[in-house]
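S.K.: Can you build the whole structure from these sequences, using the hints too?
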Amino acid sequence: MHRTFLPAAVLAGLLLAGCATGRKLPPYEKPLARTPVQSVRTTAYTHTESDHRKYGARSAAGTPLRRGGVNSAAADWSRWPLGTRFQLVETGEIYEVDDYGWMLAGTNTIDLYQPTRAQMNKWGVRRVTIEVLEWGDPQRSYAMLKPRSKHRHVKRMVRQLEDRYEL
5 MHRTFLPAAV LAGLLLAGCA TGRKLPPYEK PLARTPVQSV RTTAYTHTES
55 DHRKYGARSA AGTPLRRGGV NSAAADWSRW PLGTRFQLVE TGEIYEVDDY
105 GWMLAGTNTI DLYQPTRAQM NKWGVRRVTI EVLEWGDPQR SYAMLKPRSK
155 HRHVKRMVRQ LEDRYEL
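Per this note's numbering, the very first residue in the sequence shown carries number 5; after that it's consecutive.
Check before you lean on any hint, since a few could be wrong.
[Stated by the list, open to error] DEER-style ranges, computed between Cβ atoms:
no. : residue 1 : residue 2 : range
1   : E94       : P151      : 18 to 28 angstroms
2   : P151      : L29       : 27 to 37 angstroms
3   : G73       : L29       : 30 to 40 angstroms
4   : T39       : G60       : 32 to 42 angstroms
5   : Y169      : A122      : 32 to 42 angstroms
6   : A122      : T39       : 26 to 36 angstroms
7   : E166      : Q123      : 34 to 44 angstroms
No lab work stands behind these hints, which were simulated from the structure alone.
Where is the CB? At the ideal position from N, CA and C, for every residue including glycine.
M.R.: Rendered as structure tokens:
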């Protein structure tokens with residue numbers, strides 16, 4: 005298995021970066037089919053990255069970022085709504101979507117929380133098979149995102165939620 009180290013750190017830094025003026029959203033990807041088993045591109049992030057420090061070790065949902073029994077993950081909430089739980093088939097680890105990021109909006113990438121830079125870099129970028137254990141709630145995602153839609157990446161997710169789930 006090929007693992008990318010330094011570029012993953014750079015990519016992960018971009019994933020959670022704020023809405024800088026003139027910054028382009030990532031290219032839009034057609035959403036994956038909403039099936040219980042999916043092949044997904046994953047990256048990793050950590051709370052100690054410069055663009056995440058202002059949030060500390062807290063997710064976009066306002067909860068502590070978790071690593072242990074159930075781990076935190078960031079994704080486009082219109083594709084994997086807030087609260088979606090999934091298992092990595094390869095490792096058996098369970099993740100729950102409680103965060104999102106600039107470079108995830110409109111993409112089929114899930115960012116997996118790692119508590120240290122070393123662990124983040126070790127993960128790198130990988131395509132993995134996930135098994136969705138429980139889908140999150142699109143209405144809860146929408147309710148949390150709508151007031152934040154002044155940010156372009158959030159606005160993109162809000163529009164997709166409205167279109168996909170007729171909210």
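S.K.: Between E166 and Q123, does the beta-carbon spacing fit 34 to 44 angstroms?
M.R.: holds (36 angstroms)
S.K.: Regarding G73 and L29, is the given constraint of 30 to 40 angstroms on their beta-carbon distance met?
M.R.: Given about 34 angstroms between the Cβ atoms, the range holds.
S.K.: Would you say the C-beta atoms of Y169 and A122 sit inside 32 to 42 angstroms of each other?
M.R.: Holds, at about 39 angstroms.
S.K.: Okay, P151 versus L29 on CB: inside 27 to 37 angstroms?
M.R.: For P151 and L29 the Cβ distance comes to about 20 angstroms; the hint is violated.
S.K.: Look at the Cβ atoms of T39 and G60 and judge whether their distance stays inside 32 to 42 angstroms.
M.R.: The hinted range 32 to 42 angstroms holds for T39 and G60, with Cβ atoms some 35 angstroms apart.
S.K.: Is the distance from the Cβ of E94 to the Cβ of P151 consistent with 18 to 28 angstroms?
M.R.: Given a distance of about 37 angstroms, which is not inside 18 to 28 angstroms, the answer is violated.
S.K.: Using the beta carbons of A122 and T39, state whether their distance is inside 26 to 36 angstroms or not.
M.R.: Distance hint for A122, T39 holds at roughly 34 angstroms.
Of the hints listed earlier, those the structure fails to meet are numbers 1 and 2, in rising order.
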